[in-house]
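Each chain, letter by letter, is given below.
Number of protein chains: 4
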Amino acid sequence: MVVVMSPEATDAEIAHVVERVESVGGEAFVSKGVVRTIIGLVGDIDSFHGLNLRSLPGVADVHRISDPYKLVSRQHHPDRSTVWVGGRTKVPIGPDTFTFIAGPCAVESAQQTLEAAEMARAAGATVLRGGAFKPRTSPYAFQGLGLKGLEILASVSESTGMPVVTEVVDARDVTVVAEHADMLQVGTRNMANFGLLQAVGEVGKPVLLKRGMTATIEEWLMAAEYIAQRGNLDVVLCERGIRTFEESTRNTLDISAVPVVQATSHLPIIVDPSHAGGRRDLVVPLSRAAVAVGADGVIVDVHPDPENALCDGPQAVLGNDLRALAQSVRQLPPVVGRVAAAERVRR
Amino acid sequence: MVVVMSPEATDAEIAHVVERVESVGGEAFVSKGVVRTIIGLVGDIDSFHGLNLRSLPGVADVHRISDPYKLVSRQHHPDRSTVWVGGRTKVPIGPDTFTFIAGPCAVESAQQTLEAAEMARAAGATVLRGGAFKPRTSPYAFQGLGLKGLEILASVSESTGMPVVTEVVDARDVTVVAEHADMLQVGTRNMANFGLLQAVGEVGKPVLLKRGMTATIEEWLMAAEYIAQRGNLDVVLCERGIRTFEESTRNTLDISAVPVVQATSHLPIIVDPSHAGGRRDLVVPLSRAAVAVGADGVIVDVHPDPENALCDGPQAVLGNDLRALAQSVRQLPPVVGRVAAAERVRR
Amino acid sequence: MVVVMSPEATDAEIAHVVERVESVGGEAFVSKGVVRTIIGLVGDIDSFHGLNLRSLPGVADVHRISDPYKLVSRQHHPDRSTVWVGGRTKVPIGPDTFTFIAGPCAVESAQQTLEAAEMARAAGATVLRGGAFKPRTSPYAFQGLGLKGLEILASVSESTGMPVVTEVVDARDVTVVAEHADMLQVGTRNMANFGLLQAVGEVGKPVLLKRGMTATIEEWLMAAEYIAQRGNLDVVLCERGIRTFEESTRNTLDISAVPVVQATSHLPIIVDPSHAGGRRDLVVPLSRAAVAVGADGVIVDVHPDPENALCDGPQAVLGNDLRALAQSVRQLPPVVGRVAAAERVRR
Amino acid sequence: MVVVMSPEATDAEIAHVVERVESVGGEAFVSKGVVRTIIGLVGDIDSFHGLNLRSLPGVADVHRISDPYKLVSRQHHPDRSTVWVGGRTKVPIGPDTFTFIAGPCAVESAQQTLEAAEMARAAGATVLRGGAFKPRTSPYAFQGLGLKGLEILASVSESTGMPVVTEVVDARDVTVVAEHADMLQVGTRNMANFGLLQAVGEVGKPVLLKRGMTATIEEWLMAAEYIAQRGNLDVVLCERGIRTFEESTRNTLDISAVPVVQATSHLPIIVDPSHAGGRRDLVVPLSRAAVAVGADGVIVDVHPDPENALCDGPQAVLGNDLRALAQSVRQLPPVVGRVAAAERVRR
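Residue numbers (our numbering), protein chains in the order written: chain A, 1126 to 1472; chain B, 1126 to 1472; chain C, 1126 to 1472; chain D, 1126 to 1472.
Honestly, the hints are just simulated from the structure, not real lab data. It is possible that part of the hints are untrue.
Between beta-carbon pairs, the in silico distance windows are [as the list claims (entries may be wrong)]: (1) C:1204 / B:1189: 46 to 54 Å; (2) B:1301 / A:1169: 30 to 38 Å; (3) D:1136 / C:1301: 48 to 56 Å.
In this text, all values refer to a predicted model and were calculated from it rather than measured experimentally. In this text, a Cβ means the ideal position worked out from N, Cα and C, and glycines have one as well.
Based on the sequences and whatever the hints tell you, model everything.
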């Protein structure tokens, strides 16, 4: 940490900062400039936070210079992690493979879910996605089938052999979701719902943590830290677009987030091109970009009958687009040094 | 709703859209242009949503032309509402008054809370704020005193006669918070935590709903609609800054949100200048701006000893700033046609 | 400046940084932490920039700790400045007064401009605004009357006694605009057009510098520095809204920019509520907020016949709104310790 | 265009809108809903703009439903264009090829430029980039060598056989830049400098138009329309990152812009991974993403000695990164159906 004193700071104010830092066992290095004095702090950062340095007289600014997350950082865990998803069939998500996850945005019926799962599997997907609890902006929109949706997912998972990832939106539902699903998704609107993060951290299943649509990468990694701190390091991050001024896409896919995260965290990271763009015609090019940039996987909406979908029909891929997508996730990963996760599944 | 067909849309595709609209009891008015055809829909909007019009062949775009919220809209409730907060002492928040809410960001001890409450009351505040459950970006930061904090707040409320507003961050805590507080705050990170919104909608106490730091005004009003839909129309909105690229302030106070909300919703709206700016020196000018723009109140952080605050010390006002604030909230409201809420308190 | 070394930086890399800093006459203070080393630099910042410190091996980050602007900073010029606009009639814009500038968005005809000027003057305005060169997003939109517009403005200025501010969009036009107008406006789209900034810096007339709609406050002050560096310190800043995700207003008025700028720069700052909101119904509340927050003035669109305006008709005030505005700029400034500029005009 | 009337609009107000539309030769289709009336307009959009419909009494909103650009649109020009850059050696930028452009951010000396050009050519680049006029945020930063820089570029172009693209920042410099360079770049800060756009539109050389860092895609295409309208359709668009709240990268590369632009405009589009990320370690992954998403090329900063670069040293690639980049732009384009532009050069 670096404390920047204001140009008018007195010697007594500088000494006061030094004294406070030393009172919690830290060291303070003072550099007096012509205009300003800066003080470098060495020691335990958490104890410095308690000092409220920014409130001390004469202090102009405080710069943090190290990352605030620990368990999810690569600093003490330089090798990137692989998270295994599933029960009898285990699918890897990690640095050597490329994992294709697909399924309907929302579970609407047993038949629709099974058809979507078969479309997904035929296209090369190894993990099934599908929403039973849907967080919707409008209280008048379809909110998901709830428990019934979980049962459908579990049954389709059983019959197709695909592990299932599904969203949990309320801490009170974590147990029941964990009983039916192989991986719990925390959605973009709940990324900073800390009670929910702690609950999924305690339930013993891998977590897919979507980025808040307006969260910085650092805030996102801090959300992962909440889960990790409860003993669960099986967290996969998912970049799904951030909110910007651009209106031609629903969100702006922050493709740079993939290498940025990989440089600082050991957790796997995948991309959701469907929710990022909100447009069917962007799913294939954005999926290709995800493979090429080095993502560990993609998660894509498919639907057997988008015209009658109850949720996000306009972005579900099918037909030629699905064939192009299937081809891309087969051809591109080897060019960037990865194998399809399908080849590494453990049964 | 208006459906815009793509320039290549065929007559059959246009007819298909019309047919779907009519199948749910709507009317479709077709305007054929030289390049494009547009179709105006008349009827029940919710039923149109189920049609997934954007997925139909030949459809280029769908424009919604009416507001998606109903209960919180001024359309059928043209008079702006007043929400009364408190038990024996009732304080109004509404169009005729200006309500000054103040207190510490976090409840740290009985003494600190009482001192802050007395500072607040001396400066003219009629409602006490204070956090017992704190949503923090870092799992290593102070998370609040929890139940003990609620008890302190209830006790200080009793001794000062000031109703209390405090944040609830988890649907599982709603009941206990409602037992101790007069108004429940839903914070910026939880604005789209729909389970929490529904829970506070059912507990029978007024709600202070902060704007999500990256929520549009429409999304914010939809969050209020979630609460209203559970039978609770005693919702006060709070503008607290949005996330932008500007870095000199913690967030950017969207002062325009006040008249924009007042034009479309009957709910009261107040401003939080402390969290918007994140800087003590901005609290007074932003509070003045809030009064002048027509806000129904402000909510401000005060702390008897900011240097030792466990949370957000740098933005808590005291000394000269607090005196300037007290003066502003006394002098400015009458200039814009309001009285201080203190003069309308019911005991 | 503070250089943060990466955790893996070697002693040789640290020594190399120190050596480079000393090679340009600076001093380097090294603080070795448990994980990282930080190096505080003392000396001439401009010479440090040439070192490209961020490119040196072992360097993780470089934090600048002082403001990059000099001539426009309050550091060596603590008193806030007043800029006088006009020829025979001189109007102040500065810390003691509140200046009301009004006129049509675009000059369309002599009659429309004269009528708008008289509306403005009747409402209390002392400076006339009006655009002869209009920067338009579409090449097919009305681009302004050009030289003819300047002549109309000069003539209306003559007959009404109001000094004129008008926009210049091209460095090649600076001389002719300066011959006809009392103050040159640099618009939001040209805030980073450095050739234009230098040209207006050399022509000897006051400049109204609008904030780039996506410029940080620091970038904006650097743009003012470009003008100041050419010898012109008569610069008035104008906050006119920034681009954010919120769609209910054309831009988001960053009201906090007023006190933030006043804390670091001595230049006057005014607010443009018309272009910030893009809505007629917001002009009065945002103007009130501008007075209350401490702005040195406002600049407002008025038009005698908005329905037939060639530019931005929807935001031009008239009728009751103009009366409410006139009242606000008369009543509110004294409450916040200012007099109307009209009372300090020098003739 | 669709005009949405407010719920309170009277029949007379609706009739007035219809009458105005018909007065300029348009047709108006009225759809009366239960709550609101909407009016669909058919006819010449430019004539509708002059009506100022948003200002008419009773009008709540006006939705534009067609694209505002014409010459750059794919609507009447469905095949995507190829732009040829160079004199004796002509390099294509278009839908069948992938063009690698590289060189130093700024021209600093003849030797540095030649070395950078040879690095670039060795890595597979066919066009040389380099800045002689540099738009810098600070007036105290290196502003480029100007004319001398242009002469160096022309000489290096002659000796290497690589066509040159360089930035022009002022309309007064367009002629001299066009005399020395094969392609004129309009930078991000000047995207809305309409005088400059018109000047480069008239000079008869291809233009590289960077996206404004805060411009929507539509505004960017309108800027291209300004150039096209002056008779120059040889415009290549360059996505270079937009301004968002994320701070770990200098800007956020909007990778989706590539397929979005290609869906609506026939102009070629390339990506600048260097300025988007501002970090050397991101150049290779973002370049790979650019190829995979379907971009027509990339433009990359290289420097023989980044430690001593006068501009943007931290993002210039060299060594292993340059080798990885060279490999990617050779291996990936064929996988997505393109050939390297080097194979299609015309001499």
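Legend entry - Violating hint indices (sorted, rising): none
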